Amino acid sequence: MAITKEEFDLIRQFVHEHSGILVGDGKEYLVENRLNVILVKNKCDNFFQLYEKLKKDNGALCVEVIDAMTTNETLWFRDTSFFAALSNFVIPTLLEKALHKPKIRIWSAACSTGQEPYSVAMLLDQARSAMGKTAPPLDRFAILATDISPSVLSIATMGRYSQLAISRGMRPAFLERFFINRGSYYEVAPGIHDIVTFKQFNLKEDFKPLGSFDFILCRNVLIYFSNELKSEIYRKLYESLVRDGILSIGASESPRGYTTVFEQVMVEGAALYRPSTNAGLS
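For the sequence shown, position 48 matches number 50 in my numbering, and the numbering has no gaps at all.
By construction, these hints were calculated from the structure, which means they are not laboratory data.
In silico lysine-lysine, DSSO-like type, Cα no more than 27 Å apart, as pairs: (1) Lys7 with Lys29; (2) Lys238 with Lys105; (3) Lys43 with Lys55; (4) Lys29 with Lys55; (5) Lys135 with Lys103.
Quick list of simulated restraints, FRET-style, between CB atoms: (6) Ser278 with Leu177: 36 to 44 Å; (7) Thr6 with Glu207: 31 to 39 Å; (8) Lys7 with Val39: 19 to 27 Å; (9) Asn204 with Ile168: 24 to 32 Å; (10) Pro104 with Leu32: 44 to 52 Å; (11) Pro174 with Lys135: 25 to 33 Å; (12) Lys58 with Lys7: 20 to 28 Å; (13) Asp47 with Gly193: 47 to 55 Å.
As the structure is a prediction and not an experimental result, all values here were calculated from the model. Glycine included, each C-beta is placed from N, C-alpha and C at the ideal position.
Could you put together the complete structure from these sequences and hints?
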């Protein structure tokens, strides 16, 4: 079903209001491709009828539409520079903190099907093993992984991945050590799975109920938001970090122009951010 310009504007306005996601000009084909199945399932003759149903029912139908419009591109150990910085700087810093702090909290925002939080958990355990007897226990680390999409969270929570999903970046040594081969799929080993908790969460919501974190990953998601929402999310990320915490965002993203509360730290060619010692919201 083809979408008219008026219908496109109504649908993308609805998506932006409920998720913060900006659907750019000329993306009519994207809305058509992603929502046509929902349109047919709900017995709508056109996208205006779907919009009218969305206005009357912001429950299950709204979740389904936002889910369909969410980009869920992910892979294991995404971005070589970042994961080098993670392995050589962030994780050693967190392990040192764990020797003196009862719980280290990590947040993977917009986690998609779980590759990012599980990758972090595996690297943590690998680094712990290298420390030997002085290493803090793995359960001293708690990783919260959130996403707006219930469909990707169901996959992430199960921790089961097809051969195709595994082939997208998984390191052979990690596959052997941290996964159980179930024949038709690979399952994340219990020790790694147990320290990751998955939760549906919209970044437009209040962050305070989530608590504070020592390390936050909010990578490759802010690019989909308006400048106003980016500024708001940077403020909330700052408030969610402990004062010696670390923030990671996507390689093409920067808080510059949105806030002055973060100081950039370059490690292994990757930009990381710490709360500024003289932070002031712009």
